[in-house]
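Novice: Sequence:
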Amino acid sequence: MAVIGLTAPGLSLGNLFVIASLSFVVYVLSNVVYNIFFHPLRKFPGPKLMAASVIPYCYRLTTGRLPFDILELHRRYGDVVRISPNELVFANPRAWKDIMGHRGPGEPEMGKFSQFYELDKGRPPTIINVPREEHGQLRRQLAHGFSDRSMREQQPIINGYVNLLIQQLRARSEGGKRALDLVAWYNYTTFDVIGDLAFGEPFGSLKSGEYDPWIAMIFQGIKTGTLIYSATFFPWINKILMSMIPKSQMEKRDELLRLSNQKVLRRMELGNERNDLIEGLLKKKDEMNLDIKKLEQNASILITAGSETTATLLSGATYLLASNPETLRKLTAEVRSTFKTEEEIDFSSVSKLQYMLACLDEALRVYPPAPLGLPRETPKGGGTIAGYYVPEHTVVSQYHYALYHNEKFFKKPEEYHPERWLGDPEFATDDRDVFQPFHVGPRNCIGKNLAYIEMRIILARVLWNFDLELAEESRDWLSRQKIYTLWEKSPLYVYLTPRA
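Counted the way the numbering used here counts, the sequence shown spans residues 929 to 1428.
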């Protein structure tokens, strides 16, 4: 009876289906026509297919190809490209300040694109996505834990884990006969360090030689997050797309939160006077209305951002050095000639290693740990970016990988040349202003000091103790990687022979 009542005379269910299908096609085509010919971004260059629909963007993102394709798009279309109906990507050193720079009182900032940063609507905001005023409060409370003074006070803790790394590499390398996966061992080290500095306890990976379940779930969740973000562009079928994500992956995300909760509770039991990364948050938790869930979310962000990216850069630097034997020889000689004993290698003394700093900066250029753009949204009334007026509510960003591999900014961008950071005249035309691996503005990376300290100490200690040789199965390690927000890294097998 209901069907009869809803169907006009002579109009069958089959006809209704045809009408509904045609209506959907008309709706899609009208959107395509609007996006190409009438949208406020219609005059910006870029592929018509990407301007017409968000589908090509999502396809490139979920297949791990987006940053590589962005580089090619800049080569073809120039320093601003429309990569989806409502998104522009820039390649211009001035755009850093325009997109992410400081704003004066009352001047609206280009806020973070909430669709990207707030995938889990039911979870409290973190230092990554809180509003401007609250971000300032959180950052001030965290700043002490990342200061030079605090890092010096944490030196015994960090050195203890680096000591354990060297012991494990020496014990497991079989005198250089067995290749070890340094991606894993660098991750074990940086996660144990940051776990101690944030939660008051390591993950135990260095001792066990295995990934803690908490760490493993972080890596497994990276691709899941990319899929979830892509699904948000299709709200009418979002539930269907979400149901296609394996249930096991979603369950692991929930388990990660449960484990984080337990770690924060154990850290709180240690009290507020322990000098570490979240001491400031604990002291002000009542004043700032930081409940256990907010503490848990912020601590989890600190651990992921402060460990995975450092381990990624160390892995990339090791690969690039081992792939360029003369550069590796020069850096090893610098380390071993600067220090008479291994004990002399500390936070202060590694600052003498100028060639090492150049090697690390060049690795940051060739293999940026955060290769994608971090999207912002233009405020009401729009804004000017690198000389272009951009309409309001447009998503904008710059992609580190695409910037640093662009011939417009760096000579021989695909090659590894630390000398470009040491004044070599061959690279005098490099535009180093575009190089901002830790971002700019009030939301730049708060962990820059810790990252450089860890990278220098760990790499110096490894090169002091071992001669490195890349295993044959890892010769193409970099070229076979994809990017799902972060690099999807395969094992990096390296032979470590104890120095003679």
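In short, the hints are calculated from the structure, not lab data.
Accuracy of the hints is not assured; some may be wrong.
[As the list claims (entries may be wrong)] Each computed PhoX-like pair below joins lysine-lysine, with the alpha-carbon atoms no more than 25 Å apart:
hint, residue 1, residue 2
1, K1258, K1339
2, K1211, K1222
3, K1151, K1336
4, K1280, K1258
5, K1280, K1025
6, K1258, K1105
7, K1410, K1025
8, K1222, K1336
9, K1268, K1258
10, K1211, K1151
11, K971, K1410
12, K1308, K1258
Novice: Is the hinted pair K1151 and K1336 satisfied, with a Cα-Cα distance of at most 25 Å?
Specialist: With Cα atoms ~31 Å apart, K1151 and K1336 exceed 25 Å; violated.
Novice: Regarding the pair K1258 and K1339, is the alpha-carbon distance no greater than 25 Å?
Specialist: Since the Cα atoms of K1258 and K1339 sit roughly 22 Å apart, the hinted pair holds (cutoff 25 Å).
Novice: Regarding the pair K1258 and K1105, is the alpha-carbon distance no greater than 25 Å?
Specialist: Holds - the C-alpha atoms of K1105 and K1258 are around 24 Å apart, at most 25 Å.
Novice: Check the hint pairing K1211 with K1151 against an upper bound of 25 Å on the C-alpha distance.
Specialist: 35 Å, violated
Novice: Taking 25 Å as the top limit, are the C-alpha atoms of K1308 and K1258 close enough?
Specialist: 53 Å, violated
Novice: Checking one constraint from the list: CA of K1280 to CA of K1025, max 25 Å. Satisfied?
Specialist: Violated: K1280 and K1025 sit about 31 Å apart, past 25 Å.
Novice: Between K1222 and K1336, does the CA-CA distance stay at or below 25 Å?
Specialist: 43 Å, violated
Novice: Would you mind confirming whether the straight-line C-alpha gap from K1280 to K1258 stays at or under 25 Å?
Specialist: 15 Å, holds
Novice: Is the straight-line distance between the alpha-carbon of K1410 and that of K1025 25 Å or less?
Specialist: 29 Å, violated
Novice: Does K1222 lie within 25 Å of K1211 when you go C-alpha to C-alpha?
Specialist: OK: K1211 and K1222 at ~14 Å, within 25 Å.
Novice: Against the 25 Å threshold, does the CA-CA distance of K971 and K1410 hold or violate the hint?
Specialist: Outside the cut-off at roughly 31 Å; violated.
Novice: Hint check: K1268 vs K1258, CA-CA at most 25 Å. Holds or violated?
Specialist: The given pair, whose Cα atoms are some 17 Å apart, holds under the 25 Å limit.
Of the numbered hints listed earlier, those contradicted by the structure are 3, 5, 7, 8, 10, 11, 12.
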